[in-house]
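When you read off a place in the sequence shown, starting at 1, and then add 461, the result is the number in this note's numbering.
Please note that a few of the clues may not be correct.
Stated by the list, open to error - Keeping only pairs whose Cα atoms sit at most 30 Å apart, straight-line, the calculated BS3-like set for lysine-lysine is:
1) Lys1614 to Lys1546
2) Lys1651 to Lys1546
3) Lys1083 to Lys608
4) Lys1563 to Lys1689
5) Lys1428 to Lys1546
Stated by the list, open to error - Here are the computed distance ranges between Cβ atoms for each label pair:
6) Asp1521 to Asp1681: 28 to 36 Å
7) Glu1552 to Gly1366: 29 to 37 Å
8) Gly817 to Ser928: 35 to 43 Å
9) Arg703 to Asp774: 45 to 53 Å
10) Leu1612 to Gly1153: 36 to 44 Å
11) Glu677 to Gln1210: 39 to 47 Å
12) Gly1153 to Trp1129: 27 to 35 Å
13) Asp1067 to Thr1369: 51 to 59 Å
14) Asp1333 to Thr1369: 18 to 26 Å
These aren't lab readings, by the way, just hints derived from the structure by calculation. Quick reminder that beta carbons are idealized off the backbone N, C-alpha and C, glycines included.
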Amino acid sequence: MPIRRPATMPERKPRRRLSPRLDALEPRLCLSASRVHPSLAGGKPGPAGIDALAIGDVNGDQVADFAVACHSGKSSSVTIYSGWGQQAATSTGFAPLALATIEDPLGKSGGGRGGLRVALADLNGDGVSELVVGSASTGKVAAYSFKVQGPSPVNAPVTASLIAGPTSLPGLRGASRLGLAAGDLDGDGRDEVVATAQGRRAVTAYALQGTSWVKERSFAPPPVPRGEGLDVAVGDVTGDGRDDVAVASLADGKVSVYDPSLGQWVATPQPLRARAGTARVTIVESKNAPGALVETGRVGRGPSRAALGMWGDPQVSVATPVVSPGGGDLIPLGAGFVYQRSTLQGLDSSFPYSNGPVTPSVFFASTGSAGQVILQGFGQGMTPSKADTYVESVGTSSGVFSPIQARTDAASGDSAALGINLVAYPSMNYTSPYRIDLSSASSGFDAGLWNRTVTDPSASGWGPDKSPNNPPTVPSGASNDWLRQRVIAAYMSQIGVDYQHHHDPTWSPVQGSSWNATSTVAYQSQGVDCTNFTAWAYADALGVTINSDTTQQALISASNPNGTVIPASLADRVAIQTIDHWSSYQDLVSQLEPGDILIINGDDSDPTKATHGITWLGQYGKDSNGLDQNLIIDSTGITPNHIDSNGHVVPEGVQIRPFGAPGTPNDWYYTHVGHVLRLIKADATATEPIAGSALPTVGADDHLTRLRDDDTADALLVIRPRPGSASLPSLESLAYQSLADRTYLTREQFAAEYGADPSDVQAVENWAFGQGLKVESVDPATRMIRVSGKVSSLENAFGTTLYDGQDNVNGPWVYKGEIGVPVALHDVIQGVFSVAPTGSASQASPSPSSDGQSGSDGYTPAELADRFQFPDATGAGQTIGIIETAGVVDDAARRDFNTYFSSQGLATPTILTVGQGTPASDDELYLDVEVAGALAPDATLVVYAAGGGAGNFFESIQDAVHDASHKLDVLSISDSIPEPYLSSMYLDVASRAFLEAAAMGVSVFTSAGDYGSSRDIPDGLAHVEFPSSSPWVTSVGGTSIKRGEDIDNEVVWNNYTIQDHDLSAGKGATGGGVSAHFAMPDYQKHVDRGEDPRSVNPGNAKGRGGPDVASIADPQTGILIYARGQFLHDGGTSAGAPTWAGLAARINQGLGKNVGFYNTLLYGDLSEAGVTHDVTSGDNTSSHVDIGDKQIPTYLGYDAHAGWDMTTGWGSPIGTSLLDQLKILLKKKED
């Protein structure tokens, strides 16, 4: 029948397969392979013979199994045999395999003496046969369902469960000479049972509803003698695609057929004048053509014979099987029309073929013997073919057996004949759990797709060549998803056609014409093979021509089009691309787009040989069970097996199949993917620049090296918080609460309330996939999505050109102007940052402190704690995070740590790492870890690696703040970047990380910088560092005081000198000043001697001033550390951040509660509480311009004075006082 495409296809389930029904009696039974009835295993007593046969599929593996019903005296049994059998040392290499045996299926003595009648029927429409068994003498009927034993249905034994009866069918109580068959008479996908009985006028169809039989319809009495009863069969004998009902009179052998298309009994031949009680009838179906009737019976005193007649042909062939199944009455079972194996030619070629004819195959058994079943093929004259006669042993597990369904592909050279089915698979109604959903497609996207059936004759079994359709006109403004949807619609239109070696799935060949042998369908039918299907779909949907030969299609690449023709009108949207590299299943899946063709290298003896092609469905493939998320569509056989989410094998032909992950039952496709062929480009999506994203370090006229298109790079995307979080308390309000009122969000609460919205994540992922980018990671809590891909794809995605960042602090790649994001996602994506690939070497990193100086001078931890009057605590129960842009916590570093802590009389604290560090030439890692660890020896330290530039720096900060595993209490950041080097986009996005830390009760301390007011930028102006310029961190400035001196001698750290109008270079001074980006926070109003913080730069702008506090930083005195096998004393404000972090850990321990954000307390309740030592002497002036080899000072800097200032903030800590005052603040709520 032609396959017609519906006018619209928003979504469509695979349609019912129209392959022929093997027999009216479609039985498949199973219980336990281990419970073979003694009568079928050579035991005594044996059955008199075989009562009935049936064919179907009881385990859902798409292999035709057959049922054998026997009785002996009052005992009876039904055994189901696998159509594949089992490998054995026999002449054929196989022996029978019993999948199950049901003993006395109607109860003890329930079978009576008239034998059994059976049908394998899909009673519930699930695509798997149930068994209907009846007693010919008593009319009692029972039904059994089957459950697969084990995880896979393939050739699997089954367990039978009684689901109805034994009982009489309505209207047939007390009936004798029961006739039983089954078929889908109304086309609803569920089989009905058709029954007749002696003396009953009507032929009646029944449906099983729950556990009861319900009469569906009664047919008019057939025009044959009915007094002795009727035998009955169901199947499509007329070739109109609908099941017919055939009956044979047990009185005289007359046969009549009810044609539902005409609504009447239409034929009354009498092929045999069968002796009373011996007639049996079966239907042999043909694909899209009339079938045949087979009647068996005894004529006179002669042996039982078979009469075979083609529908519509008055000629009848009367014969007996080449090999007799036994001496009793013949029991026939139609097995479909097939190209018999004896007709195959070209067995040594790639594709064996047959020039026909297609002829019937029929099973024959005997009521006089239970030892064998004959599968008889017929020749051109409808006479039994000796060459196509197969003796199938039953009743034993060691006899000779020929698999009735192929286990290997026909295109296999010398053994090709064994790859051809001996029967046509029964017409089971496969209900796929999978579907294609194109409901999101715009109206008319499928206009112009072919709606045709090709009937051209062909001398070759391949059929007519495909021809390209007219290329579509893409609607204005449509994305390339429009093309993908159109291609998927073309694929979808052919779901259900057979696997055939054809060029065009719409070709309906004449049955019996030249046929290229396949292993799954042994007859000519509408169908297509794998890469002819992919070529046809693109020709139909887009008018694109690609090579349809599997080997040649696999060779297509950008450098070797190999005959590919792309219409000029689509050249901007369609081009040859390949995907050749992936690291994992998820990696591959993340790179794929709907319509991508995956080339399968399925020959394990030659892993580089392409053998198959499948097409990715992506978001358009849906599983109604929600289990298989990744689906493909292709045309193939049933081996290797693909098991759907209902637990059934997906049938041959064009179907949706699962693309399983490694280690799952459906992983064969993934483990054999060679590469991916992509024809539809990633969308050229319109982009809109992110305001403030321009990089201050890159000028429009800078001469930069453009990255190559095929280079790969990574980008970090930051998306907005969940839109609904606007209704929640603002993070600012949480941070500004008094200490007594502070409550903090857990990491999990924060992620749920303020993290990324799943729909935003999905939208960004879909866009990234559409750009040909790989999504490396997604973190909803931090709202970060890392992507990677070819430079050309990134440039297309962001609407810009990428250049080599070289030593640029903004990352490994940079751009000119502002970077763009899709218009549709402009409100979603807040930041795009250049990042080094995970685990790669560091590029230009944020600046650390100056290197340490040799010697054992410098403050010991005990001296530092004493100098600043730290409270008596150890940081127990606290976790301190440390951000490191360089340095590796390897075995050598740990040995140095052990030496240091041992020298101080301390046990080495727990030191954990997150991320892969990179080697460093400075001592920053040792300074941070040893200072924080010595001042809070019972705290846990977690070191976060951040090498790679500003993007990686931000990424590590977010990872630390939101680390749900380690749950930081305090975070120390000694590295920094000059604020003027960073874009406004970066500053805004990165600063929010510290606001989020405050909401989760994390205290963040950062170094103010080591280059004085200039930050070593020679433009003559004053500048500050980030992240110290963020209003949501506590910035730590630097002081200088010699060991043993009185605290009142503490001054601003500034080792710069000016001689002869030349600023000495590299000496160092504390950073501090006013941010040019961040506005002055409320807590700093009027803090600078009654004024707001103002810059010393021209214009004297107000802004966020810093630092907030201070600590010893002068390297000339420094802090004692141990690094690389020697004691050093090191300094810089990098020493101040871990000093305050250690103090904060002690205070949290003493309070029993995290303080969280310090600034609102320092500038508020604690501002006059005596918790810091005010540093009133010194400055941090270092501004200059470079002229020649001299640094000419411009004298823009900040002075210390009483109260808060922009050199040391509120001053250095008085730890015990700070803890006492915080206890007072905490107690206020209790009072």
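### Query
Which numbered hints does this structure break?
2, 4, 5, 6, 7, 8, 9, 11 and 12
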